[in-house]
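Given chain G, put chain A in place with the hints provided.
Which chain is which? The protein sequence lines are G and A, in order.
For the first sequence, numbering that gives the first Met the number 0 assigns the number 0 to the initial residue and increments by one for each residue that follows.
For the second sequence, numbering that gives the first Met the number 0 assigns the number 0 to the initial residue and increments by one for each residue that follows.
Hint data in this document are derived by calculation from the structure and do not stem from the laboratory.
Built from N, CA and C at the ideal position, the CB exists for glycine as well.
Nothing false has been slipped in among the hints.
Derived CB-CB ranges, DEER-like:
| id | chain 1 | residue 1 | chain 2 | residue 2 | range |
| --- | --- | --- | --- | --- | --- |
| 1 | A | 348 | G | 72 | 52 to 62 Å |
| 2 | G | 91 | A | 272 | 16 to 26 Å |
| 3 | G | 23 | A | 147 | 22 to 32 Å |
| 4 | A | 318 | G | 23 | 36 to 46 Å |
Cross-link-like lysine-lysine pairs, in silico, BS3-like; alpha carbons within 25 Å at most:
| id | chain 1 | residue 1 | chain 2 | residue 2 |
| --- | --- | --- | --- | --- |
| 5 | A | 197 | G | 79 |
| 6 | G | 63 | A | 266 |
| 7 | A | 197 | G | 63 |
| 8 | A | 316 | A | 341 |
| 9 | A | 170 | A | 104 |
| 10 | G | 64 | A | 266 |
| 11 | A | 341 | A | 381 |
A few chain G residues facing chain A, derived, Cβ under 10 Å:
| id | residue |
| --- | --- |
| 12 | 39 |
| 13 | 44 |
| 14 | 46 |
| 15 | 47 |
| 16 | 50 |
| 17 | 53 |
| 18 | 57 |
| 19 | 60 |
| 20 | 68 |
| 21 | 69 |
| 22 | 70 |
| 23 | 89 |
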Amino acid sequence: MRYLAVAFLALIAAPVAADEQPVKLKPGSGLDKVEIHCSVCHSLDYIQMNSPFPNAALWEAEVKKMIGPFGAPISDADAKVILEYLKTNYGS
Amino acid sequence: MITRRALLETAGASAAFIGSGLAFPRLGEGAAAGPALSPALPEGLRENVVLDTLPGKKPLIKLSYRPPNYETPVEYFRTAITPNDAFFVRYHLSDIPEVTAKEWKLAVGGDGADGQIELSFDDLKKMPAFEVVAVNQCSGNRRGLFQPHVVGVEWGYGAMGCARWKGARLKDVLDKVGLKKEAIEIVLDGADGAIVDKTPDFVKSIPVWKAIEETTLIAYEMNGQPLPHFNGFPARIVLPGWTGTYWMKHVTSIKAAIKPYDGFWMKSAYRIPLGKFPLVSRFTSQDTDTNTPITEMVVNSLITSHADGASVKAGAKVSIGGIAWDGGYGIREVEVSPDGGKNWSTATLGQDIGRYAFRIFNFDFTTKARGKSVVMARATNKIGQSQTTELTLNPAGYHHNVIHAVTLNVA
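Next up, chain G with everything else stripped away, as it sits in the complex:
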């Protein structure tokens, strides 16, 4: 339930934490899914600082790590959109 509550907050008000500055990622297809899912657990500067060096395989491994060991509840369809966004905008 905690996840749902925080995800809802992310939808209505970014940034999630009251004392956090908004991190603006590059506009692009799929950014909405990135903002909704990724920012539940971490600010989006994690993506910026880990760029643009990751190739497609590295970004795929990261998305899988977040869903696998870290347990992020993201559907396969949304994960695909997120991966495409990262590869297109923050990949090498």
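Just chain A now, with coordinates in the frame of chain G:
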């Protein structure tokens, strides 16, 4: 609720250093800010990094807001003790409660202990107190300088600090419950946690032999003050010589275990390939056939007197200063090269304030012709280990101790 005043403009951000005459360009104007950050760091970091002020802290280099990962600017390493309000901040998970000393409780027990107890903050402070000066350095300090880059928090040089820690000995606390003969590891947990239930909580274990060393503390003071919130208030583990991952902040649970702890943060994270690093201090109950937990820090040094690209006068005396440290064997020697590694001279070491502490070094030389002068520093510890000339590659980007170089513009 603590509010944060973010510094989006840089005026005053480096106020403490203005007038020092030493060239440290200011951060915070994006890529235009100049060479304050190493050009070796990922482009995406350099373009977006800002100085930001957490409650109780000076402006630090913000790598991520949530969980907060903030690095100490190099200027603060000109002294052997790092100020509390400039000390780096590192968290893995985003739920960080503000525990008060009054409500804080420490549970001690586990299947490797004869009994179990709960200590209050007052109980802890009533125990015999000990002090140790020790470096707390993130395993991934300098990860951002790895080539090729590896994924993670892309630290530059400042995911470390040295403080005088005061607290009770972990051994004395364990003696209160008594350890069984079969106990092999001590499992540590803190008050911070994950946002999503399925995310593994940040829990670490250490071998019993290290836990009962006289210098292993449950610290409640740092440089004579209570721990800052973002450095583990009200109490944290201090494990001199070993990297910061084991220095559990806001520690609330200490369990003796008769089996190797197999949580994510032990089994899958903070691992280094076996045989790649010259480590003496080992955590063998956690070994696999191919890797082992990171343990003691590798010998390292940092030039702090001059930033890369600083200007100096031709024919003038230049005083190079910096710090050196290792996993607790102590620094035997620091050599400085004023000419990109062709010639090396022994630097003067500053006061020895403890084998786990930063050791200051200084070296004066006179610049020659105009142009570029690459100054390098190389530390050797008392068991003969030296810094590497080439990066020791490893998947998670740990133990970067390549010889530090700064280029001076002689004009």
